[in-house]
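Enquirer: Kindly produce the complete structure, drawing on both the sequences and the hints.
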Amino acid sequence: MGASNRTSLAIAGTLAVTGLTPLVWGSTYAVTTEFLPQDRPLFTALTRALPAGLGLLAVTRVLPRGQWVWRAAALGVLNIGAFFPFLFLAAYRLPGGVAAVLGAAGPLFALAFARALLAERPTGRKLLAGLTGLAGVGLVVLRADAALDVVGVLAGLAGAASMSAGTVLTKRWGRPEGVGALALTGWQLTAGGLLLLPVALLIEGAPPALSTENILGYAYLGIVGTACAYWIWFRGISRLPATSVAFLALLSPVSATVIGWAALGQALTPIQLLGMALALAGTLLGQSPASSPQRPPVRPSTPEGGSVPLSDLKAASS
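Heads up: the sequence shown is residues 791 to 1108, going by my numbering.
It should be emphasised that the hints constitute simulated quantities derived from the structure, not laboratory data. Remember, predicted model here, so these are calculated numbers, not experimental data. Glycine included, every Cβ here is placed at the ideal spot set by N, Cα and C. The hints are all genuine.
Derived CB-CB ranges, DEER-like:
id, residue 1, residue 2, range
1, Leu1075, Ala1052, 25 to 33 Å
2, Leu844, Pro998, 16 to 24 Å
3, Glu1003, Pro912, 42 to 50 Å
4, Leu1058, Leu1000, 29 to 37 Å
5, Leu908, Asp939, 32 to 40 Å
6, Ala806, Leu844, 24 to 32 Å
7, Arg905, Ile993, 34 to 42 Å
8, Arg851, Val1014, 20 to 28 Å
9, Ile1005, Ala1052, 19 to 27 Å
Expert: Here it is as structure tokens:
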């Protein structure tokens, strides 16, 4: 097998694995409605992020230091701490279909951020892919009686922009030498969770009493839908163009619709099938032509920035 064929297979494999993340994220709606307590979106976001982040810190035993303290905090805010509240605010103030369409604008935001932060000029093909995916998601989720709310619309757009900016900045900054995607995921989830903690307590009050069903639902979202999913997502960003990864997010509303049809008995119309085809077409069209696999950018670990093992901290304090 030639080198170009191996490269193409490697890229296709990375795309396929990374695409598992939005497919898993598509299950969030069904899990939330069937297993979780109602009207506690911030508590749900907190429970997804903070325990998963602390668990990954315990597994990797690596903490950020120097410039990576604020970088991890910034990425945690964009990808988790701000994204989740905006997402839930849009979901509560808008019909689910409208919120999903606003989220599908993420690839277009990613193209703009990549132009500003990575000097990647958006091509006509990718712009067409973004518009095609947006139209496809609209056909999948929108209903004729969908209503608009200014605050909800702004929140939905802010959430899409926040996640897109986080994706592009994750690509721009890479990660310190010797730090894997799992540790970077733990840093971001912990930072985002710590931001959500006072917000959730202030707005929603004390945590609710949880049933066994609730605990199972939160365990799935925290372990599978957050820790594993975000690890795969950030791993993909390190190996693929940021905009290519952003286009994979179009799979999430498609996944949610299929799960709703298969598991919850929801109807699936011919218009929705057409929309799924367009969303998939936009996802594929948004991928960059095959090139050499991109390895994770690294920054040398120096006193000014990098990471420090937890064991080193313990030794220093003893």
